[in-house]
Amino acid sequence: MKASTIRTFTVVHTWTGLLAGFALFIAFYAGALTMFHDEIDTWASPRAEMARADTMDRVETMLEGIVATHPGAREQIGVTFPADHPSHEVAAYWMDKDGTWKTQTLDESSARDAEDHEHALADFVYELHYDLGIPAIGIYLMGIVSVIYGLALLTGLLIHLPNLVRELFALRPGHNLKRLWQDAHNVIGILSLPFHIIFAITGALLCLTMVMLMAFNTVAFDGKLLPAFERMTSALPETAAKGGSAVMLTPAELGARARQAALASGAANFEPDYMRYVHYGQQGAAAEVRGTSTKTLGEYGMVSLDATDGHVLRVQVSGARDANHATYSAIFGLHFGSFGNVSLRWLYFLLGLAGAFLFYSGNLLYIETRRKRRQAEQPMKVRAMATATVGVCIGSCFAISVTFLGNLIGPLFGATPEAIVQPVCFTAFAAAVIWTFWRRPARAAVDLLWATALVSVAVGVLDMAIHADRLMRTLAEGRFAVLGVDLVAMAMGVGFAWLGIATRRRAVEGDPCSVWSSKRSVVTSATAATAATAQQT
Amino acid sequence: MLAKTFAGILLGLPLALALVAVAIWIWPGSSESVTLPFLIAFFPVWTGIMGGTYMFRSGARAWAWLAVANLAAFGALFLAKHTMPGL
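Chains as they are written, first to last, in the UniProt record's numbering: chain A, 1 to 537; chain B, 1 to 87.
A couple of the hints might just be wrong.
A short list of chain B residues far from chain A (calculated; beta carbon distances all over 10 Å) [said to hold, decoys possible]:
#, residue
1, A3
2, P28
3, L39
4, R61
5, W63
6, W65
7, A69
8, A72
9, G75
10, T83
With a straight-line Cα cutoff of 20 Å, these simulated SDA-like cross-link-like pairs (lysine to any residue) come out [unchecked claim]:
#, chain 1, residue 1, chain 2, residue 2
11, B, K81, B, S31
12, A, K224, B, R57
13, A, K2, A, L158
14, B, K81, A, L226
15, A, K224, B, V34
16, A, K295, A, Q260
17, A, K224, B, F74
18, A, K224, B, P14
19, A, K381, A, Q260
It is worth saying that the hints were derived from the structure and are not from the lab. In this text, a Cβ means the ideal position worked out from N, Cα and C, and glycines have one as well.
Full structure from sequences and hints, please.
Below, the structure written as structure tokens:
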């Protein structure tokens, strides 16, 4: 490749990285935590855990009640299975006549809007991952970010392709800090490239599927794609209500029959986690049971059945499905890392943190490349970048740790965790950004890293102290989720403390001609003071 | 450089759409059975076009060539729609 082409790609790589890097940092950090969504959920809601053993027996009564008061629900109504996880609540979902999605759980007596649910901690962190907590448009924003990220990956690969092998394992610590950062950025980028390609593609798809389908539907398929998409992703054949009334088989019964059919078709196993009825209570009603199988890339499979007599209509499960269903399921499996066991989730967790480091280090490289070697006061764009990097990146780590802490101690002051996680997170984030402006990045980075370390350790320690009884009980039952979250919180606290020490060392002992030097602000403020005195006299 | 960027974004998008759509239309046998795997290629194809656009010597050339490619791809899509069995 010509040198000028490489230069062009370097510029594109820099700008795409800057444009998407901040959003991606948050997405990767929150996404890494989301790999343990269920563990965090168990940890965060001791109350929900106490209320386990919700059986499927009461579901039938609930569904009858819903379709009686909301006739629109007959058309289609979905219900979740409790699965083997204590905090998975059993809830029904349907679209009301006015087009809004409604939901009702077993413990509720009436329906509520499915969109305006309050967030539990684990769901909130997950939401940060895919929409940064921005309602309505956040998910599309992240879709665009995914596309920019894809371009950054492509150009990054093209830049490094010529020197790939030679530089892959070069990690040169020494006086030249920039080269160390560059080496670390390259090696992590290249080694986790397959993982990043997966995320760029599936991330764009998960956020923008509807937009993409609409475009293809109108431009290329004259309206035939959307109905086809329904066939490609569900197991339900075309059904029509035949009127009259009919007795529905219960979700438990349909789940059991679906499982039987899935196993008979060759799936390793099949755990129903969600199902929906169409034409509930009428002749011709059908049901589609979704369940998870292991030992497959795409864990989700579906079985559709007649809802009155239970005979199997279609099976789309691992080992017995077409290319469309396999692809659709694989998108989720690859993105959520659900195709393996717990060690794969740990790998995704580590790769997620490494990804966050990749974007952080990219910003540092931008700063290091543009800094002035012989002057204490750095150019505006370098200072702005440093402020944004510290405020947004370290600030979001801080905010998420504070949110965990808020979830833990909020109830002690009478607040429900669901109501406070969002305001606590956004307030902490805003405070971190303001702090970074106030103290300037060199000192703010050290402060925020230490604060994050302290809060993270406190999350683990305080939980063990406040909920000691629960910790003991879960351990006695052989469940390690709660202990795991406590220990990981503390371990991450130690990690942040280490970063804080390293950053402080650089601020004090490092090159004073850098935005990361705390000496610089002393020098400049001293200079400013001298100037002010000179002016007065 | 900015001209190439916008060429890649604005003309690359419909071009990727048309290319993927044509591939689905002309797939031998049932197109519907391979629609999803092909649709997945949409974002990578668009990204590839955006990256490739920077190889043009100037912004004007990028716009011109991508416009020609769009015409060709949509022409092929039009033909495919009228001659192929469809989904």
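Exercise for the section: Check the non-interface label on G75 of chain B: least C-beta distance to chain A beyond 10 Å or not. Expected result: holds, 13 Å
Exercise for the section: Below or equal to 20 Å on CA atoms is what counts here, so check K224 of chain A against V34 of chain B. Expected result: Given pair K224 of chain A, V34 of chain B holds - Cα atoms ~15 Å apart, limit 20 Å.
Exercise for the section: Beyond 10 Å from every chain A Cβ: check whether that's true for W65 of chain B. Expected result: holds, 16 Å
Exercise for the section: Beyond 10 Å from every chain A Cβ: check whether that's true for A69 of chain B. Expected result: Given a closest Cβ separation of 16 Å, the condition holds.
Problem - Hinted pair K224 of chain A and F74 of chain B, Cα distance within 20 Å - result: The given pair, whose Cα atoms are some 18 Å apart, holds under the 20 Å limit.
Practice task
May I ask you to check that A72 of chain B keeps its beta-carbon over 10 Å from the closest beta-carbon of chain A?
Solution key: holds, 15 Å
Problem - 20 Å Cα cutoff - pair K2 of chain A, L158 of chain A - result: At roughly 11 Å apart (the allowed maximum being 20 Å), L158 of chain A and K2 of chain A satisfy the hint.
Practice task
Taking the shortest Cβ-to-Cβ distance between W63 of chain B and chain A, state whether it exceeds 10 Å.
Solution key: holds, 17 Å
Exercise for the section: Please work out if K81 of chain B and S31 of chain B have their alpha carbons no farther apart than 20 Å. Expected result: holds, 12 Å
Handout entry: Given as non-interface: T83 of chain B, partner chain A, CB spacing beyond 10 Å
Key = holds, 14 Å
Handout entry: Pair hint K224 of chain A and R57 of chain B, alpha-carbon separation not exceeding 20 Å
Key = Given pair K224 of chain A, R57 of chain B is violated - Cα atoms ~40 Å apart, limit 20 Å.
Practice task
Determine whether the non-interface label on P28 of chain B survives the test: each CB of chain A must be over 10 Å from its CB.
Solution key: It holds; P28 of chain B is separated from chain A by about 14 Å at its closest Cβ, greater than 10 Å.
The earlier numbered hints that this structure contradicts are 3, 12 and 19.
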